[in-house]
Amino acid sequence: MSDEYWLADSEARVLGPIGLDVIATLHARGKLQDVRAVSRDGKKFVPLREMPALQAILHAPVTQDDATRAQGEATRKIREWLASVAPRPSHEIFKVPVGSSRDAWRAAFFTLVYRYVPGRLPADTTPELRLACEDAFLALSERMLEVERQFRAPAAPALPPPPPLPPAEPPASARLTHRNNAVQVQLSLKRGDARPFTQDLEHNWQTDCLLIHSTERIVPGTQIELIMTFEGHVTQLHATGRVQGGRAGAFTVQLLNLGDTERTLIRTWVARATMRP
Amino acid sequence: MALPEVLIVDDDQLIRAMVRDCLADVPCEIREADSGDAALAAIAERHPAVVLLDLVMPGKSGLEVLTLLKGTGPRVLVLSALDTEALVQQALASGAHGFLGKPIHPLDVQNMVRGALEAAGARAS
Chain A
23 MSDEYWLADS EARVLGPIGL DVIATLHARG KLQDVRAVSR DGKKFVPLRE MPALQAILHA
83 PVTQDDATRA QGEATRKIRE WLASVAPRPS HEIFKVPVGS SRDAWRAAFF TLVYRYVPGR
143 LPADTTPELR LACEDAFLAL SERMLEVERQ FRAPAAPALP PPPPLPPAEP PASARLTHRN
203 NAVQVQLSLK RGDARPFTQD LEHNWQTDCL LIHSTERIVP GTQIELIMTF EGHVTQLHAT
263 GRVQGGRAGA FTVQLLNLGD TERTLIRTWV ARATMRP
Chain B
514 MALPEVLIVD DDQLIRAMVR DCLADVPCEI READSGDAAL AAIAERHPAV VLLDLVMPGK
574 SGLEVLTLLK GTGPRVLVLS ALDTEALVQQ ALASGAHGFL GKPIHPLDVQ NMVRGALEAA
634 GARAS
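First to last, the sequence lines map onto chains A and B. Take 23 as the starting number for the first sequence in the numbering used here and just add one per residue. Take 514 as the starting number for the second sequence in the numbering used here and just add one per residue.
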C-alpha cells in the first residue's frame with residue numbers, strides 16, 4: 023500500500039488508490055490535467071507541490087513517446103491478464119456462477135470482450151497493442167465457444183483444437199469475377215497464412231502490394247476490387263488496386279488508397295502470422 | 514414482481530441523466546447517488562442488482578467503493594473516461610464486472626446493463 027496515492031482535482035473529486043504506474047499511464051494519455059492535492063491514505067490530502075516526485079510525473083510534458091509508452095504498458099497489462107486467466111475456469115473469467123443460463127454467459131462475455139473488439143480500437147493503436155487486444159478477443163471468444171458447445175451438447179467431449187496450418191498447404195486461391203473493366207477478387211485467408219502479403223520480395227505488404235494466386239491470366243493495369251476475409255476476424259479488407267504483373271499461376275496487385283485502418287489490419291495479420299511462438 | 518434496481522453513481526448530474534435516458538427501455542428501477550458514500554448507503558439499504566459506478570468522485574472514490582463491495586455486493590459496471598488499460602485492469606481486479614469508457618454509447622450501456630441484470634438474476638435464483 024505504500025506506493026499508492028489518492029489524487030484530488032479542483033472540485034475535490036478523488037481518484038484512488040492508484041499506483042505510480044497507473045498515474046504515469048493516465049498522465050501519458052492526457053487524462054490527469056487537474057490534480058491539485060494528493061494523499062497517501064485517502065484521508066489527509068496535501069497540495070501536489072508537497073510531493074515533488076509525483077509533481078514531476080504530473081507536470082512532465084506529454085510527448086508522442088509517452089503516448090506510445092502508455093500503449094506499451096497497456097499491451098503488457100493485457101498480456102499479463104491473458105496469462106493469469108489462461109489456467110482459470112471460464113466461470114471465473116466471466117464472473118458468472120456455475121450453472122448460469124446461456125444468456126447470462128453471453129451477457130458476461132459481452133461485458134468483458136467489449137473493449138477488445140478489434141473494430142473498436144482507435145486508428146493510432148500500436149500493432150503490439152492491437153495484437154494483444156485481438157489475442158484477448160480471440161481467447162475470450164474461444165472460451166465462449168466452449169460454453170456455447172456445452173449448451174448445445176452437454177455430454178459431447180470437447181473437440182480438439184484445429185491443427186496448425188501445414189506449411190506445405192497450397193496458397194489460398196482467389197475467386198475472380200469480371201465486372202465491366204474491373205475484376206473483383208475475393209480471397210479468404212486462413213489463420214496463420216499471410217503469404218499473399220509476404221511471398222513476393224518486392225510486391226508485399228510493405229509496399230501496399232500482394233500476390234494473388236489464380237490460374238487465370240489478368241492483364242497488367244487491370245483495375246482490381248479486393249475483398250479479403252481473415253479467419254477469426256469480423257473485419258473484412260475492402261480495397262481497390264491495379265494489377266502490376268503476372269507470373270505462372272499468380273499476379274501481383276498494387277493496392278491504392280489504403281487508409282491507416284486497412285494498413286494496420288494487414289500489418290497486424292502479417293505480424294501474427296510471422297510471430298514466433 | 515418487483516423490478517430489479519440499477520444504481521447510477523456519478524457526481525455529474527448530467528451523466529446520471531444521460532445514463533438514465535439510455536436505460537429507458539430496460540425493465541429496471543433506477544436510483545441515483547452522487548458520491549461514493551451515498552452509493553454505499555444506497556447499496557446497503559436497497560441492495561440493487563447492478564451498479565454503474567464512476568471512478569472519480571468526492572469523498573470515497575469509485576475504486577474504494579469497489580474494494581468495499583468486492584465479492585459481496587451487486588454486479589458493478591465501471592463508467593469512466595479514465596479508460597487506460599492499467600486502470601481498467603485495476604478496476605476488474607478490484608471486483609468490477611465490466612468497464613465502459615466515456616463518452617458513453619447508449620446501446621453499449623443498455624447491452625451491458627441488460628447482461629448484468631441477467632447475470633445478477635442467475636445468481637439470485
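Rather than coming from a laboratory, the hints here were simulated on the basis of the structure. Treat the hints with caution; some may be incorrect.
[Unchecked claim] Chain B regions said to be covered by chain A (calculated; three or more residues, Cβ under 8 angstroms):
hint: 1; region: 530-543
hint: 2; region: 558-566
[Unchecked claim] Pairwise CB distance ranges (calculated):
hint: 3; chain 1: B; residue 1: A537; chain 2: A; residue 2: R264; range: 47 to 57 angstroms
hint: 4; chain 1: A; residue 1: Q258; chain 2: B; residue 2: L620; range: 15 to 25 angstroms
hint: 5; chain 1: A; residue 1: R197; chain 2: B; residue 2: P619; range: 47 to 57 angstroms
hint: 6; chain 1: B; residue 1: Q623; chain 2: A; residue 2: S123; range: 15 to 25 angstroms
hint: 7; chain 1: A; residue 1: E33; chain 2: B; residue 2: A557; range: 19 to 29 angstroms
[What the hints assert, rightly or not] Some residues of chain A that are not near chain B, with every Cβ distance over 10 angstroms (derived):
hint: 8; residue: E33
hint: 9; residue: V36
hint: 10; residue: P39
hint: 11; residue: P109
hint: 12; residue: P149
hint: 13; residue: E224
hint: 14; residue: H235
Backbone N, C-alpha and C fix where the C-beta goes; we use that ideal spot for every residue, glycine too.
Status of each hint after checking the structure:
| no. | hint | in the structure |
| --- | --- | --- |
| 1 | 530-543 | violated (count 0) |
| 2 | 558-566 | violated (count 0) |
| 3 | A537(B) - R264(A): 47 to 57 angstroms | 51 angstroms, holds |
| 4 | Q258(A) - L620(B): 15 to 25 angstroms | 22 angstroms, holds |
| 5 | R197(A) - P619(B): 47 to 57 angstroms | 39 angstroms, violated |
| 6 | Q623(B) - S123(A): 15 to 25 angstroms | 19 angstroms, holds |
| 7 | E33(A) - A557(B): 19 to 29 angstroms | 26 angstroms, holds |
| 8 | E33 | 7 angstroms, violated |
| 9 | V36 | 4 angstroms, violated |
| 10 | P39 | 6 angstroms, violated |
| 11 | P109 | 16 angstroms, holds |
| 12 | P149 | 16 angstroms, holds |
| 13 | E224 | 38 angstroms, holds |
| 14 | H235 | 39 angstroms, holds |
Checked against the numbered hints above, the structure violates hints 1, 2, 5, 8, 9, 10; every other hint is satisfied.
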